[in-house]
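Residue 9 in numbering that gives the first Met the number 0 sits at position 10 of the sequence shown, with consecutive numbering throughout.
These are computed hints drawn from the structure, not numbers from a lab.
There could be a bad hint or two in this list.
Only pairs whose alpha carbons sit at most 27 Å apart, straight line, appear in this in silico DSSO-like list of lysine-lysine [said to hold, decoys possible]:
id	residue 1	residue 2
1	Lys38	Lys25
2	Lys38	Lys95
3	Lys95	Lys25
Here are the computed distance ranges between Cβ atoms for each label pair [to be verified]:
id	residue 1	residue 2	range
4	Leu128	Lys95	20 to 30 Å
5	Ala124	Ala23	12 to 22 Å
6	Val106	Pro1	12 to 22 Å
7	Trp37	Ala101	21 to 31 Å
8	Arg20	Ala125	31 to 41 Å
9	Val114	Arg34	36 to 46 Å
10	Ser29	Ser126	21 to 31 Å
11	Asp99	Thr30	15 to 25 Å
12	Ala124	Met96	14 to 24 Å
13	Val106	Ile52	28 to 38 Å
14	Leu45	Val106	20 to 30 Å
Being a predicted model, the structure only gives us computed values, none of them experimental.
We put the CB at the ideal spot given by N, CA and C, even for glycine.
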Amino acid sequence: MPIVASMGGNAGTQALTVAVRALATKELSSTNAARVVWKETIVGALNGIAFAIIIAITTALWFQSTGLGIVIGLAMIINLIAAGVFGASIPIILSKMGADPALASTVFLTTATDVIGFFVFLGLAASFLL
């Protein structure tokens, strides 16, 4: 279960770094913010699918439970998509509010990906495995 939250944090931090750098170099503005968020969302989805396949197969074999493998794989996909969205959006929002996105973004991102990762995993597990 912690791997879902950890991978979300890692993926979100990468998206956050891209967004903060783009803000600092003035490559990111309100005119292209939606495109940047969309791009990071797609990257999160693709990474989510790739890592979900690996972790789902590993989990299914390790615990001899296809259902658990599917649950953790789906949770991984959802959390990495959320990580891309939040990782790109949080710095933009903080910048618009006048806060320094390089200082404050990580706290919000980590909280979001941890909460989403745990709730999605536990929610899916409760729905499909109980």
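Cross-check of the supplied hints:
1. Lys38 to Lys25: 17 Å, holds
2. Lys38 to Lys95: The hint holds at about 20 Å.
3. Lys95 to Lys25: 13 Å, holds
4. Leu128 to Lys95: 20 to 30 Å: 41 Å Cβ-Cβ, so the 20 to 30 Å window is violated.
5. Ala124 to Ala23: 12 to 22 Å: Check failed, 40 Å falls outside 12 to 22 Å.
6. Val106 to Pro1: 12 to 22 Å: For valine 106 and proline 1 the Cβ distance comes to about 19 Å; the hint holds.
7. Trp37 to Ala101: 21 to 31 Å: 22 Å, holds
8. Arg20 to Ala125: 31 to 41 Å: 39 Å, holds
9. Val114 to Arg34: 36 to 46 Å: 27 Å, violated
10. Ser29 to Ser126: 21 to 31 Å: At roughly 39 Å between Cβ atoms, serine 126 and serine 29 fall outside 21 to 31 Å, so the hint is violated.
11. Asp99 to Thr30: 15 to 25 Å: 22 Å, holds
12. Ala124 to Met96: 14 to 24 Å: Cβ of alanine 124 to Cβ of methionine 96: about 36 Å, so the range 14 to 24 Å is violated.
13. Val106 to Ile52: 28 to 38 Å: 31 Å Cβ-Cβ, so the 28 to 38 Å window holds.
14. Leu45 to Val106: 20 to 30 Å: 26 Å, holds
Figure legend: structure checked against the earlier numbered hints; hints not met, in rising order: 4, 5, 9, 10, 12.
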